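K.L.:
Chain order of the listed sequences is A and B.
Numbering follows our numbering, in which position 98 of the first sequence is assigned residue number 98; successive positions increment by one, without gaps.
Heads up: take any position in the second sequence, counting from 1, add 160, and you land on our numbering.
Since the hints were made in silico from the structure, they are not lab data.
On a predicted model such as this, the values are computed, not experimentally measured, just so you know.
All residues carry an ideal CB built from backbone N, CA and C; glycine is no exception.
Each hint should be verified, as a subset may be incorrect.
To be verified - Straight-line distance between alpha carbons at most 27 Å, and here's what the computed DSS-like set of lysine-lysine pairs gives:
(1) A:K13 <-> B:K443
(2) A:K13 <-> B:K303
(3) B:K525 <-> A:K148
(4) A:K77 <-> A:K159
(5) A:K95 <-> B:K525
(6) B:K443 <-> A:K73
(7) B:K401 <-> B:K477
(8) B:K241 <-> A:K95
(9) B:K525 <-> A:K109
(10) B:K477 <-> A:K16
(11) B:K401 <-> A:K16
(12) B:K241 <-> B:K351
(13) B:K303 <-> B:K446
(14) A:K16 <-> B:K351
(15) B:K477 <-> A:K95
(16) A:K95 <-> B:K401
As the list claims (entries may be wrong) - Residues from chain B that keep clear of chain A, each with C-beta distances beyond 12 Å, as calculated:
(17) T171
(18) I215
(19) G255
(20) C257
(21) T321
(22) A474
(23) G484
(24) V485
(25) W522
(26) D541
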Amino acid sequence: MTFSPELEARFDKLLKSYPPGRQRSAMIPMLMYAQDEVGSVTDELIEEVARRVGVTPLQVNEVLSYYSMLHRKPLGKYHVQICTNISCQLRDGDKLWEHACKKLGIGHKEVTGDGQISIEEVECMGACSWAPAIQVNYDFHHSMTPEKLDQLLEGLRKKQ
Amino acid sequence: MLYNEPSPLETKVLTRRFGLPNSASLETYLATEGYQAFLKAAKMKPEEIIEEVKISNLRGRGGAGFPTGMKWSFVPRTSPKPKYIVVNADESEPGTCKDRLLMENDPHQLIEGALIAGLAVDSHGGYIYVRGEYRYLIEILDKAIAEAYAGGWLGKNIQGTGFDFDLYTHTGAGAYECGEESALLESLEGKRGVPRIRPPFPAVAGAFQCPTVLNNVETYSAVPAIIRDGGAAFASLGVPKAGGTKLTCLTGHVNKPGVYELRLGFPVKQMIEEVGGGIRNGKKLKAFIPGGSSCPVLTAEELEGATMDYDSMAQRKTMLGSGGVIIMDEDTCMVKAVLRIMRFYAHESCGWCIPCREGTTWIRKVLQRFHSGGGTRADIDLLGDLGKNMLGRTFCPLGDAAAMPIISFVQKFRNEFEAHLDGKPCPYEHAERLVAV
Ligand SMILES: Cc1cc2nc3c(=O)[nH]c(=O)nc-3n(C[C@H](O)[C@H](O)[C@H](O)COP(=O)(O)O)c2cc1C
Ligand code: FES
């Protein structure tokens with residue numbers, strides 16, 4: 001598989017970050033960074049990472065199914081994650097989630113027809129004091145309201 | 161960046177650089193006494209460093225509150241094996257959002273804390289395990305680490321002291337259980353985050369089966385101030401058995417939610433009223449969770465005379481935990497609140513041991529039925545019993561973390577469970593509800 005030079009540099013650095021013989025440690029970070037470029041964890045990617053860290057593809061598969069941020073199917077270009085955990089729920093994060101589902105006509109981990117947006121109801125993401133919070137890909141948005149969310153989604157629909 | 165206004169009632173030790181221009185840069189750090197504690201520690205004997213940390217009465221800020229100096233003293237410093245410093249930056253206990261600020265606004269303080277821990281236990285390498293969602297913080301940390309290498313504060317023969325230390329970031333990939341220390345160490349080795357049997361503890365067999373110091377971000381971030389100003393000065397900020405300050409995350413129904421650095425022993429009432437600006441919309445306080453969703457809930461009455469420290473919370477049979485304070489007003493449905501908390505634990509149970517895997521899911525199902533109007537009187541006791549049967553019987557403390565909220569909610573708010581019986585609509589929600597989920 002070929003990756004961008006930045007990702008290759010990242011891989012090199014990761015593989016050197018662990019003690020000799022412990023390259024398996026780089027597996028999860030490699031999958032995380034590669035998934036951003038490839039779009040999801042494909043069979044091909046699993047084989048490639050397995051080869052580079054010196055384990056079998058089966059071992060990679062076994063590990064990745066444990067982690068909720070590693071996904072086998074592509075998500076939308078903009079993945080909107082809405083926290084409904086307790087501190088967000090107390091400030092209407094649950095209603096925000098329902099609003100997003102209705103607005104987009106999709107549900108948990110589903111993608112809009114044009115592939116632009118996917119949504120996910122997530123657990124606490126470390127923004128509890130500025131609730132309700134959402135993340136679009138890796139960007140945080142704090143103190144959300146249905147109106148602010150509508151605006152944001154409008155923008156994402158049009159954004160390339 | 162800061163996401164809320166600071167409060168004049170704060171005691172700024174760990175957050176003293178917050179708000180300075182480029183507070184995350186090496187330049188700002190060095191201009192504000194940065195790395196001075198490392199230089200001082202490099203001239204001390206390792207036992208003296210550990211002694212200073214013991215004097216400071218610093219206790220772990222990740223949730224369990226274990227005395228940090230004592231933890232460091234368990235590491236067999238003369239072992240021929242390499243030793244590791246691991247920073248727990250997995251921050252995922254619901255209600256907790258403070259490590260994020262420490263990494264975002266003052267990453268060098270964390271690096272310096274890790275370096276000093278390295279000196280104390282003769283370790284020459286460390287990892288910062290950062291939850292996957294905090295990608296932007298990994299970028300900030302990587303930048304700070306690169307600056308530290310370039311400035312001679314990491315790497316070989318740091319500032320001519322003869323001490324070598326390498327530090328790396330490591331991203332998680334979405335799993336609450338990986339915040340538990342032994343699961344984190346498994347994850348760091350490229351495995352599923354399944355907890356390890358203990359003993360041996362990480363101090364003896366941690367990262368890569370080598371002696372390891374594993375602490376929370378806030379714990380390490382307190383170390384430079386302790387060495388710089390002395391353990392006694394830090395100790396004097398807190399209460400007799402717990403020194404220093406605590407980054408406290410006010411969340412839920414207060415007017416001014418936010419993260420505030422308060423000295424340990426800060427009165428709870430004053431914290432809610434003056435730091436948090438009181439309960440939103442002039443409502444009354446109903447319930448209070450002191451340190452993340454796993455801590456037993458307290459009623460407003462139980463808060464009488466309470467202070468934010470380990471002992472005051474222990475007297476009330478709860479815990480100071482991680483500092484994630486969850487505040488609920490009189491209109492909050494306690495059944496709905498605990499349902500959300502238990503949904504979380506059921507989702508995050510790693511599935512390794514049966515009491516936790518089955519117990520959390522069973523509780524979640526009963527609560528879902530309950531909140532939708534299908535609960536029976538026998539269910540109320542069942543919920544409490546399920547919790548009690550998990551408590552102390554699981555492989556790792558996630559089972560306890562799940563048991564404590566359900567046991568305390570049922571015990572203290574039984575009337576609210578009763579108000580949901582016999583298909584009655586939830587007294588707090590006017591929306592129509594479906595029976596049976
Ligand atoms: C299920 C579970 C989740 C935990 N999550 C975290 C976490 O996100 N961050 C953290 O620092 N400690 C967490 N802990 C506590 C750690 O196991 C460990 O006690 C702590 O990191 C030690 O550091 P300290 O002594 O500095 O607090 C968790 C514990 C359990 C049982
Ligand atoms: S509860 Fe939503 S970010 Fe913590």
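K.L.:
Hint by hint, note whether the structure agrees.
P.N.:
Evaluated hints:
For the given pair, A:K13 sits about 54 Å from B:K443 by alpha-carbon distance, which is inconsistent with the 27 Å threshold. The straight-line distance between the Cα atoms of A:K13 and B:K303 is roughly 14 Å, inside the 27 Å bound, and the hint therefore holds. Proposed proximity of B:K525 and A:K148 is contradicted: the alpha carbons are some 33 Å apart, above 27 Å. For the suggested pair A:K77 and A:K159, the alpha carbons sit about 10 Å apart, so the restraint of at most 27 Å is met.
Of the supplied pair hints, the one linking A:K95 and B:K525 holds, its CA atoms being roughly 21 Å apart against a limit of 27 Å. For the proposed pair B:K443 and A:K73, the alpha carbon gap of about 46 Å is over 27 Å, so the pair is violated. Note on B:K401 and B:K477: the hinted pairing holds, with a Cα-Cα distance of about 17 Å set against a maximum of 27 Å. With a C-alpha separation of about 53 Å, the suggested pairing of B:K241 with A:K95 is violated against the 27 Å cut-off.
For the hint linking B:K525 to A:K109, the alpha-carbon distance of about 22 Å falls within 27 Å, and the restraint holds. The straight-line distance between the Cα atoms of B:K477 and A:K16 is roughly 47 Å, outside the 27 Å bound, and the hint therefore fails. The hinted pair formed by B:K401 and A:K16 fails the criterion: a straight-line CA distance of about 42 Å is larger than 27 Å. Distance hint between B:K241 and B:K351 is fulfilled; the C-alpha atoms sit about 22 Å from each other, no more than 27 Å.
A threshold of 27 Å between alpha carbons decides the hint, and for B:K303 with B:K446 the separation of about 44 Å lies outside it, so the pair is violated. Taken as a hint, the A:K16 and B:K351 pair is honoured in the structure, with Cα atoms around 18 Å apart against an allowance of 27 Å. At most 27 Å may separate the alpha-carbon atoms for a hinted pair to count; B:K477 and A:K95 exceed this at roughly 33 Å. In summary, the hint linking A:K95 to B:K401 is not supported, as the alpha carbons are separated by about 43 Å, beyond the 27 Å threshold.
Listed as a non-interface residue, B:T171 keeps its Cβ farther than 12 Å from every Cβ of chain A; the least gap is roughly 18 Å. With 12 Å as the threshold on Cβ separation, the claim that B:I215 sits away from chain A holds: the shortest Cβ distance comes to roughly 32 Å. The claim that B:G255 is not at the interface with chain A is violated, since a C-beta of that chain comes within 12 Å of its own (minimum 5 Å). Taking the minimum C-beta to C-beta distance to chain A, about 5 Å, the non-interface status of B:C257 is violated against the 12 Å cut.
No beta-carbon of chain A comes within 12 Å of the beta-carbon of B:T321; the shortest separation is about 23 Å. Every CB of chain A is more than 12 Å from the CB of B:A474 (nearest about 22 Å), matching its label as outside the interface. The non-interface label for B:G484 is inconsistent with chain A: the shortest C-beta to C-beta separation is roughly 6 Å, within 12 Å. For B:V485, the shortest C-beta to C-beta distance to chain A comes to about 9 Å, within the 12 Å cut-off, and the non-interface label is violated.
At roughly 20 Å from the closest C-beta of chain A, the C-beta of B:W522 stays outside 12 Å, upholding its exclusion from the interface. The claim that B:D541 lies off the interface holds: its Cβ sits roughly 24 Å from the closest Cβ of chain A, which is beyond the 12 Å cut-off.
Comparing the model with each earlier hint shows violations of hints 1, 3, 6, 8, 10, 11, 13, 15, 16, 19, 20, 23 and 24; every other hint is respected.
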